[in-house]
Amino acid sequence: MNTTVAQLTARALLGGRRALLLLVMSAVLLALAVLLRLSVGVDHQVTADFLGAVALGALIPLFGLIVGTGVIGPEIDDGSVVYVLSKPISRPTIILSKLVVAVAATVLFAAVPTFVAGLIMSGTEAGLAVGFGAAALVASVAYSAVFVLLAVVTRHAVVYGLAYALIWEGLVGGYVPGARTLSIQQWSLSLAETIVERDLVSSDVRLAVAGVLLAVVIVGATWYAGQRLRVLSLAGEE
Amino acid sequence: MSTGLAGSSVLSVDAVSRWYGNVVAVNDVTMTIGPGITGLLGPNGAGKSTLIGMLSGFLAPSAGSVTLDGAAVWKNPEVYRTIGLVPEREAAYDFLTGWQFVLANAELHGLPDSGAAAKRALATVEMEYAQHRRVGEYSKGMKQRVKMASALVHDPAVLLLDEPFNGMDPRQRLHLMDLLRQMGAEGRTVLFSSHILEEVEQLAQQIEVLVAGRHAASGDYREIRRLMTDRPHLYVIRSTDDRALASALIADGSTAGVQLDEDAGVLRVEAVAFLRFTELLPRVAQRAGIRLYEVSPSDESLESVFSYLVKS
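Chains as they are written, first to last, in our numbering: chain U, 1 to 238; chain H, 239 to 550.
Pulled out of the complex, with its shape left as it was, chain U reads as follows:
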């Protein structure tokens, strides 16, 4: 972990309009939670369905995508990453520093609001806020790691990231049960399922399997991103 890399990354990521966009999206989640609480009252099933579909199903992957690709993609695109890379710092250290910023931002803007939305809708009852907060936390780490890797590997990271989140997890996962086994969303849901009481949440993946897969994806993606950054080619316009 290199603090200068992390600071530069955080400034580049959160300076300008991106931070505003992220804030607005978190605010929308909280506003919807308030609206549901006022219109439906306290209904734990509504809370579970809402947090599962909107927070874990849409907000967290989207934040992971924006933030994960955002911590390194634009720098590689415009070439300014050369100033960080032309230093005696190991490339895996650079990846780790950037990943820490991505995870922190996703947790701050997406996982914490998910927890707060749970509190708004169901208070501390049935373990809903904690369960979904914890699920959002691990999902934030996993999505960040995957999307950082994607941004190092390809210049079309956002397209592929969206394809994964929308088509694979959203569409294919909706119709093909097997696809859910390979879905960060389902892995994190399985953690929520364990914490939340009364069968309000169901996941297709057992916790033990989900835990192993999450660990493999997080560690593997981070390691591989470091290796790919070691051999990143940057040349002039020729």
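Just so you know, the hints here were simulated from the structure itself, not pulled from any lab data. Where is the CB? At the ideal position from N, CA and C, for every residue including glycine. Don't take each hint at face value.
[As the list claims (entries may be wrong)] Pair by pair, the computed Cβ-Cβ distance ranges are: (1) G220/U <-> D458/H: 52 to 58 Å; (2) E375/H <-> A215/U: 43 to 49 Å; (3) N404/H <-> S90/U: 28 to 34 Å.
Got chain U sorted already, so can you dock chain H onto it with the hints?
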């Protein structure tokens, strides 16, 4: 700038090629770049940036090796303790001020006193006056100088600059030349690329010419100049009697070929001895009573000069 140079450093390029798919960008180049200023000269697309990419560890050679004082450059971030790189591309954390940018570079190097190093580097490029403005607001020349400061911040023994004079006005150009001369005089190994012969001639003690990916020539500026003058020159000539002039010219040894282009109404002459031909032509014309309307060299572009060098 104080020089904590731990001896001089040498970059070695040994039988290096680099290809992208079927396209060969750099073709079997061998050269040694030592202390002093070396100019990498070649037309656009000659492979200069590709070569600098390999010298700076941002591109793997497809064949051959690039080493700095014996250590491989590729996949070896330790070389950046010795190398300072000024990339061609302009993007450089535009949201930071010049001071913050250079300071961040010093911190990334893990220097013991980053603040002092940043201050010294900004003073070297004379950018203190604008150091609190954002890099994004700088002119091209100012940006180039602050990039230079970022490359000098750790007092490197080797300085690599990709097309550093692009987009600079004459005053900024002179300033950068002075700066590079100073770096060379201090015993640093300075390599810069350019497609402008005059730029390279004015600055570099050693010139390496790259054309179409190949190492076309190597030497000091006198040698390169001679190579460029002693080559066949093509002229287009219009006169009162092209046919008579053609026969008079072909009789002389300084002409290798004469072509009468009746469609265009011109005479195309290939001269082998540049100086002799320029003396010969007016004398021949005068003797034959022919008036010359137009004598123009048809291939003075740098590309044609370079392509001749490659053939030789």
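| Honestly, which of those hints from before does the structure not fit? | Those not satisfied: there are none.
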